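> Single-letter residue listing:
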Amino acid sequence: MAYQSLIRFLDYAGVAPEAVATTSITRMKKLAQAEFALQPGGIITLEGISFTSNDVLQELDHPDVQQRLRCHLLLWEHKDLLELLEQDHLNMDRMDQWRGLCYDVGFRNFISSYFATAFHSAMTSLLGNKDLYNASIWIDYLAFVLPEDEERALRSVRLFLEDALKLFRNLNDTSYRDRMEELKVWRDDSWSLFIDKLPRSLMPYADELANAIINFTVRIQKADRKLCFELSSGLVGLQQVNYSLRGLIRNNHEIYRKKLNRGVFNMPSLYPVVVGLIILIRVLSGMDFSSSSSGNNTEGEYQATMEGLAYQGIRLFFNHQYGTGQPPARGRKQSLRNVVFSDKPVYLFLENWPGDGLSPVALVNNTRERIKVDLISAGNVSNVTVGSHDILGIQPEREHNMDMILTFHQEDPRLTVVPETKYLQFLFVSAEPGRVRHNLNFAKEERVSLPLIQPSSLKDIPLVMTIDERDSGYVFSLKGKAGAVNYRTLPAAKK
Amino acid sequence: MRPVNFGIDLGTTNSLIGRFDNGSVTVYQNPIGHKETLASVVAFRSDRILVGDKAREYMLKDAVNVFGGFKRRMGTDEKYYVVNLDENVTPVQLSAYVLQELQRFVHGGEKPEAAVITIPASFDTMQSNATHTAGREAGLKEVFLLQEPIAASLAYFNQAPGEDHEGCWIVYDLGGGTFDVALVQIKEGEMKVVDHEGNNFLGGLDFDLMIVEQLIVPEIVRQTGIADFETELSTAYGPYEKLYYELLYKAEEAKKELSSYEATEIEFSTTIGDRRYDFNVTIDRAAFNQLLEKRVEETLSMLRQVLERNQLAAADIRQLILVGGSTFIPYVQERLELGTGIPVNKSVDPTTAVAVGAAYYAANKYYTPSVSPVEEHADIGSLLDNIVAAPEQPEEPEVQLVLSYSKMSKEPEEVLLVKVNGNVFNYSYRIVRADGGFDTGFMALKAKFTEFLPLLPGVANVFRLTLYDGQNRELPALGQELTITHGQYSIAGQPLPKDICIEVDDRENHTTKLELVFEKNSILPLKKTLYREISKTIKKGSDDKVIINIQEGDRYARPLSNLTIGCIEIQGKDLKSDLIKGSDIEIQLLLSDNRELSTEVYLVMTGQEFKNVFALSEKCISVARLREQFNDLEAEIRKTVKGFNYEENEIWAIQANSLLDGLLSHKASLHKLKDKERSDKKYVIAEAIGRISQEYDKIGGNERLQQLQAEYLHARDYAEQQLPACDFEQDRLKARFAQLVQNESQVLRTRNPSILQKAIGQLNDLIWEILTNTTSYLIVYFHRLKAAGPDAFTNYGAAQSIVRMADKALEQERFFEFRQHVYNLSHLLHNAQSMAGTTDFKGTGIG
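As you go down the protein sequences, you meet chains A and B in turn. Just so we're aligned: 360 in this note's numbering is position 360 of the first sequence, and the numbers increase by one with no gaps anywhere. Count along the second sequence starting at 1, add 495, and that's the number in this note's numbering.
No lab work stands behind these hints: they were computed from the structure. Accuracy of the hints is not assured; some may be wrong.
Said to hold, decoys possible - If you want the ones that stay clear, here's a sample from chain B, every Cβ over 12 Å from chain A, calculated:
1) 552
2) 558
3) 574
4) 608
5) 725
6) 740
7) 923
8) 965
9) 969
10) 1021
11) 1028
12) 1079
13) 1219
14) 1236
15) 1280
16) 1300
Claimed, not checked - A short, non-exhaustive set of chain B residues, derived as facing chain A with CB atoms under 10 Å:
17) 775
18) 991
19) 1018
20) 1023
21) 1324
Claimed, not checked - Quick look at which bits of chain A chain B covers, simulated, 3 or more residues with Cβ under 8 Å:
22) 19-31
23) 66-75
24) 100-108
25) 116-129
26) 244-254
Given the structure is predicted, the values throughout are model-derived calculations rather than measurements. Beta carbons: idealized from backbone N, C-alpha and C, even for Gly.
My request is simple: use the sequences and hints to build the entire structure.
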């Protein structure tokens, strides 16, 4: 259902947008009838949008015309959204500006059927371009679509998923070579972000697809270890698949990783001695945690204000390609190399935490700035602040993996943090401000314990993450019990 | 732009022309005979063509060269052979002759350049296009079409402007050849035709034919003993050609007499075989009424449908307004009064109402004249005089005013929109109402401006628009006078009589379905762009094709029930490159005021554009195809009746049976139909099949849909529950299940029971597959088969042998083998059915 701005027509007929609220509907109808009577074909085309008397009069005859006029005016004020609905033109750079309109229930009810069409169209284009990163951003805008219009909005997604299923089910360890172009999109693990964001109605596809890809990786594990690992890396990012599949994915991934390391790299020293500890760093734009209150190296407080940050919904990312140092394509917007991470936070993702072996963890802030730390563990978010030259102790009780979001209270805006490594995996965790995907469950027994660590006892701590300030910027270093985990090239901040 | 003002009622039996002028309508009289009506009859003499009553007189003398009732064949491929000319004429040409003759009624030297021509509301697009073509062939530069019930409503409501008309009204229009019933709503002074029903083959002509076939012919057969006389009489160019038309003529006269008298006589003489017969058939009103009963009941049924659809009771309707010559028949009036409970209003002149209403509508329609007003009445002498006599006149600016306003209004004010072409700088305008009660004062002239003009109630409000130059000197040539009659209704446009849909694939159900493009009762013109996807890959150069099939009819009906009004086929050989499944297709549809359909198709992937304008004005009905469709529909309804009876759903079974009866009542006529059939029977039957097919789709209404939805959900839940217990082929069956339910939101939203039925059928097939892949079920099933007697199997000996092998497999827990034995055993059952085979569904290629 294509949208036509009634305001555009009324403006043409002599009712300026600012006069719409005060002009009687009867007068508007008369003006419309007079305009159409003069058109030989009965159609008036304004800036490429065609209007018929039926379009205009039906809208003005609507029982809820005043409310609809309010929505038409609101749309008129948001030209990017208007352009999307009328002309199918999506400006992804500016869509944040109208994102908040989805919380206006009346507006959402009004726009839903039109938006479903535009959503489908834009999604078709993104999926057609294999731009799953942006598709994963765009899918959040499904918030504008009512459940009854969802099927229409998601037609292209369903088609894409079906094609993907067919692709992975039909490929074997030789035929895949002819379909490398089609597999390209699955080698960049931003697809898992997209899959994780699928609405409930399409969620069955996530398991189906995961199954199909798992089976495919098994088929090609000998034929193409690299591809196998790349696909598996994407699978690791999937959060919405069922528990047993996640276990399988992790186990497989570990195997593929080891196989690949043996086959491709001979640089064990570059990898943590602690099995499975991977540090992934991402600097994101647009996150704003500044409103969150913080504690002072005390036991974590579970902040209600953090409900908007959904663990299940915010993660995903892509892997820096092993060995090459080349980041994968990031869609049309930016490449990793070019982006200037002028704002923060930094994300650290500790994966496959080996039980108590590394607990507690210490985070040493050797900078002149306060660092806010959001600890995400098992769906819970704890939020603390580490003061300048202070130490944070972390001891997860149950979960063996954890994200930490470090937000620098950077006073000098010229200081920017850029990732500068070619040896590490980067986990990109994304989140949109203000987005509420689902409420977090703050279960008491899953809290993270924050033990007090004295500087003198740092030498006994199994894993110490230190953030130092150098001339060139911030430098991370990790030291581990079992032989030094030293990442010389962790994110550096440059002036 | 100039107002059209002329309105024409192009009737099946009579036609009229009227003109709107300053708030009132004049119906022109025939200069010959001074009657307002012109018989819609054309006679071809050897030296001239006669139209009207004079032509009708020749019907008795020279029937083969005289043609009437052709309105009902508009939009068909029918041709009439004119013996005198030795050539064929089409219904369009014959209509054009009538329209030309009507233009001669207009006195005062004015020749209409544009006119509004009325059509029955139920005219399909082809019939409308044919009427439009006839208008153009009659010399009209521009033709606007208007549905007859709207015209009748305008005439009725504008004849009593002071009265309060708020509420709902029914316009019942039973004419010479067509029937329309329309629900008109007047709300806050605005008139709208909310809904309508109709039959293009129900009118006076059908009553005449019934008199001939059911009252006169039996008398001829009785007296002559010729059993197949009716067949011979109805054969085109048969031995009784002249008698056929004579009888029709006399039947019409008898019908008219029966409106005033209790009985009438039809006398005629003819030679049958070698013998001359004199007949005198007496027809009384009771026999005639009995004849009409079924057809009049059909009209009542349509009236009730309109009320039901709009959730209105008889008490909600203010009055039932009678229009059309056949409403003079006393039986029709009686049945309406008794059968509806709605007060019947006979105050409107049923003969002229449509033409009057058409003229009211024409007042607010504009066209571009072929010559300017100055040129039109140019008199070179006077023009020269003007030039010489008026040297002091201010220089006429090179501006042109185009005015738009409604000449009728129920509101206290009316808008005037003025567009000015040319340089407006330094000029001003002023609008003054004739009584001085309104004056804009001097206003600077703008390229476009609007003024809301206040109206005095119940009178013709005259306004004067005057233009002034920079020195405030009046520019008389550019001044204009506007008359707006307060208290009269105008109508914004005419509604679309039927839904316009596009046929798209329903691949899940191996069929096609209709998707609404333009909704019935939307005001014309209409424009829409559809964004769809290609549902199958089409290789460049292949024979595969995408079919864009635009249909007119009911959106909930099966495509079979509707009329195709536009079709574009894009073949593989038309493509620049392969068209991949899922690629975008943009389809832009424009339906003009006259229901001319323009289609633009853009294939995004190949960047190709296909355009077409469909102005189909001929409907070709193949009798053979008609029989096939009839048989298909009959079989389908019979199957449904069986299903309803099985479910003990008596009411729906009765409804389905009633539809079946209705269908079967045409069976004999259909089988008797000849390719060279003279009468309208094939169109009557085609119309009936379409209508019954639509009714069949809607049987049971929401209740049936809800029942089917519940049945669907039950089947789905059952399948879902059984899947985990499935021992063999679970993955495949799970995938199949996921596939079946993936579009269930659409299936559950459908208004078409057949789609739901198909979906349920597919789920049931899947359930059967799941069960027959579940060991526990197979064991139970096996024991039932084992216990069955010899009569249950086609080969009991073989069955026993399989039972033994199955027992052994079961004992040894070789379940896979056991399953195969059970399958084999089931195949030996009587009435065993093989699993559903593959279908050869091609579809439209549009998903």
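> Provide an ascending list of the numbers of those earlier hints which the structure does not satisfy.
Checked against the structure, the hints that fail are numbers 10, 11, 12, 14, 17, 21, 23, 24 and 26, while the rest are satisfied.
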